[in-house]
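Chain A is already provided as a structure; the job is to place chain B on it using the hints.
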Amino acid sequence: MIRQPQPKQEILARRTALLAELAPMLPPDGLITEELRLRPYETDGLSAYRQPPLAVALPETTEQVAAILRFCHRNAIRVVPRGAGTSLSGGALPMADALVIGLMRMNRILSIDYADRLAVVQAGVTNIGITNAVAAQGFFYAPDPSSQLACMIGGNVNMNSGGAHCLKYGVTANNLLGLKIVTIEGDILEIGGAHLDAAGYDWLGLLTGSEGQLAIVTEVTVRILRSPEGARAMLAAFKANAVAGACVDAIIASGIIPVALEFMDRPAIHACEAFAHAGYPLDAEAMLIIEVEGSVAEQDALLDRIRAICERFDPISLKVSNSVAESQAIWKGRKGAFGAVGRISPDYLCMDGTIPTSRLPEVLERIGAMSARYGLQVANIFHAGDGNLHPLIMFDANDPASFHKAETFGADILKLCVEVGGCLTGEHGVGVEKRDLMGVQFSETDLDQQRRIKSAFDSRWLLNPAKVFPLGPLADAGEAAVAA
Amino acid sequence: MQTNFTEAQLADPDIAVANQVLRSCVHCGFCTATCPTFVLLGDELDSPRGRIYLIKDMLENDRPATAEVVRHVDRCLSCLSCMTTCPSGVNYMHLVDHARVHVERTYRRPWHDRLLRAVLAGVLTRPTRLRLALMAAAPFRRLAGHIPGRGVLAARLRALLGLAPAHLPARGAGGPGTYPASGARRGRVALLGGCAQSVLDPGINAAAIRLLTRLGIEVVVGRAPCCGALTHHMGRHDQAMADAAATIAAWDAEIGRDGGLDAIVMTTSGCGTTVKDYGFLFRNAEPALAAAAARVSALALDISEYLTRIDYAPSRPAPGVTLAYHAACSLQHGQKITVEPKALLSRAGFTVKEPAEGHLCCGSAGTYNLMQPEIAARLKARKRAAILATGASVIAAGNIGCLTQLGGDGLVAVHSIELLDWMAGGPKPAALG
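Quick mapping for you: the protein sequence lines, in order, are chains A and B. Straight run, no breaks: the first sequence in this note's numbering ends on number 484. Straight run, no breaks: the second sequence in this note's numbering ends on number 917.
Next up, chain A with everything else stripped away, as it sits in the complex (with noise of 0.2 Å):
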């Protein structure tokens, strides 16, 4: 189980007093402080771990947000921010003594512009709507994290999340043009703008990706494409894990770019086709969805490339989809695949590292020993084409013995993926999840710089503590830790 910091007793001590002054910055019915309605806030996406906050706030403008931020840094709260509470790595976890502020009724469309390809919303849109408000021109917003149709727009600029098709496009961070913040002293910034890359540092890079640990985001600018003419997606089937690794970085290898390159084992396919009724091949032990785009003579002229590969493989089945239904369906089974995992098992631990392409065989290999060594289930669903694995871990919460193994074994994953050139995160960010194993990846120093720039932002550590950097010796993060 994951270590937390001990609670700020004199927060507890003050909680209905803050509470009661707290309450006239929000609408009426925007502080939530009942216990009973306080649980279904204490956990995430990540359901293993669980804390119930001190309060939830649901603010509806920035203004609120910053009158909230000020008032929490004056009187030294903690606060997490929350979008739609799907992280993975348990990014939007509460503390006992934090402050939760939900950004999910801050859900409009500010503003669209097709002339200059770009939309201004706010944080609480979630990544799906952002598509579905610009579809009928025909526009799409990129990067399509499997949780898109709920995870929102903040959680998504916050984690630099990515998604199936962000091997051609880019994950968040590359389709981002600014960013409304507002600071933990209540200020309100605004980063970049309608324009390609800013004068001076890069600090939406900075904030990209910072996990609710530098800045509370409001408003989102984001950058919008033209639909492609069309799409297609194949289905190839293999007869191993390791030979469906070794013919993605084949295609890879090859200098195709598919728009999306993702993998599924046995127990993944399974799961998702009773799910999608999308006509997964039931009797492959892997399967690749490879969508290419573009004109019909482009698409079929990669297909055949990619087809021709494929056969070098041995291949099961090879199968292109033949209608916009059909195509709906595989991706459908796809991007549901986690959530499907429960028709098999009722939890499981979802992985997030990335290795380099060329060492997928290996490491699927080495993945499926560790399975049968821990005795737990997994299944491999994952971004192949940028070597984004996901092992799904599989085991039952109600059998602690069970969970604390799956812990083991997962971190194993995050370890092995470094251990071959890769890192322990791809797109879920650290969260609570990977936050031990921080050290594996970085030195001390490096922990310690990285510290140093949250601690500038935010020098009490009130926003977010105690994720993304290992607990400190005082079994704090932040400045105790930096300066030990």
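You may find that some hints are simply not true.
Estimated spans, in silico, between C-beta atoms of each pair [stated by the list, open to error]:
#: 1; chain 1: B; residue 1: A861; chain 2: A; residue 2: R108; range: 18 to 26 Å
#: 2; chain 1: B; residue 1: T835; chain 2: A; residue 2: V324; range: 19 to 27 Å
#: 3; chain 1: A; residue 1: I109; chain 2: B; residue 2: G635; range: 30 to 38 Å
#: 4; chain 1: A; residue 1: P356; chain 2: B; residue 2: R589; range: 58 to 66 Å
#: 5; chain 1: B; residue 1: E838; chain 2: A; residue 2: I257; range: 17 to 25 Å
#: 6; chain 1: B; residue 1: R800; chain 2: A; residue 2: I109; range: 38 to 46 Å
#: 7; chain 1: A; residue 1: S227; chain 2: B; residue 2: E838; range: 16 to 24 Å
Since the hints were derived computationally from the structure, they do not count as laboratory data. Here the structure is a predicted model, which is why all the values come from computation and not from measurement. We put the CB at the ideal spot given by N, CA and C, even for glycine.
Positioned in the frame of chain A, the structure of chain B alone reads:
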């Protein structure tokens, strides 16, 4: 998801089901996005994932329902959009039904809430009483807009009076009885008579009977008062089960009579969802009733499914009418019927448009528009705007609640079956003028 029930609790078969539902949830949060109340209210407590958590906590601790839990469970429309979205296959319907029964048993509502619920349960489900009530209310209908006050009481009173139609349709064809097939009999079905629908719009079942008999199907309409769906959704377990058992008995008798039944057909999709679930609802009943319930559920079909099965075809030329097809939640989410109604309307010659945000509920949701008028009104406005954006002025839907909720002010709402009957030789629906 982890659960904390004791062995003793799990010995209760209902808790065992709840536990199994909760274990299948992986807390991914997808359901929040397509939940109408979360979209409107922006609070996880008003989302399926939040409600699942509240219900879990209440059941695990065997706690009486508290006002906070009741508020958020009551706000759930039971539209089941979350079940369409859920990749893990969480049966939210069974969980929230369980919670509603728990609320009804352990929580004492304010007097006006109890009164309204008792009246709705006692009147809406009994056609004779409903007819009398609507006749009594009609003179006061115009007053609905003048009732002052911002509280829930005033809003509910406005919604109640607003429900009363200006002209109550006469008792028409479609009452209990056997309607023989015209020409050679190709099949025999039972048609749910329905409670509120038979009073509010008897023309719907009349159209279904005309069309089916014309297509060579004998139609039996039973005398059972109500399928139990309305009271079931209010957590009034005993009344719901008694009404459902009476309905099952009536149909089961027909299954054993005169060549049996090819199907049990519903023109009210809200009822259809419940009838299809009878097998589950009566799983622990005495064996004969449990078996009969399972038989009835196995035969239950929405009218659109049955017409697809018997190859409905129009006989008139295309009418040149553009429709917006409104997918009732009970059809698209409750019964996962998404293709057939649209395909039938297209085959009949209508131009069919689909409004944006088709997955979101219109706010009718059984008695929801009467009990949660403010949220229902916001959903109604949102849905009407989406429909108007299609350019269509006629709405086709398969559920009386949606039709009542969405029609009026420049939009004509017609049950799909009346349109299909028209194109296959029946009369033009009166609503189309």
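For each hint, the structure was consulted:
{"no.": "1", "hint": "B:A861 - A:R108: 18 to 26 Å", "verdict": "20 Å, holds"}
{"no.": "2", "hint": "B:T835 - A:V324: 19 to 27 Å", "verdict": "20 Å, holds"}
{"no.": "3", "hint": "A:I109 - B:G635: 30 to 38 Å", "verdict": "33 Å, holds"}
{"no.": "4", "hint": "A:P356 - B:R589: 58 to 66 Å", "verdict": "60 Å, holds"}
{"no.": "5", "hint": "B:E838 - A:I257: 17 to 25 Å", "verdict": "35 Å, violated"}
{"no.": "6", "hint": "B:R800 - A:I109: 38 to 46 Å", "verdict": "44 Å, holds"}
{"no.": "7", "hint": "A:S227 - B:E838: 16 to 24 Å", "verdict": "20 Å, holds"}
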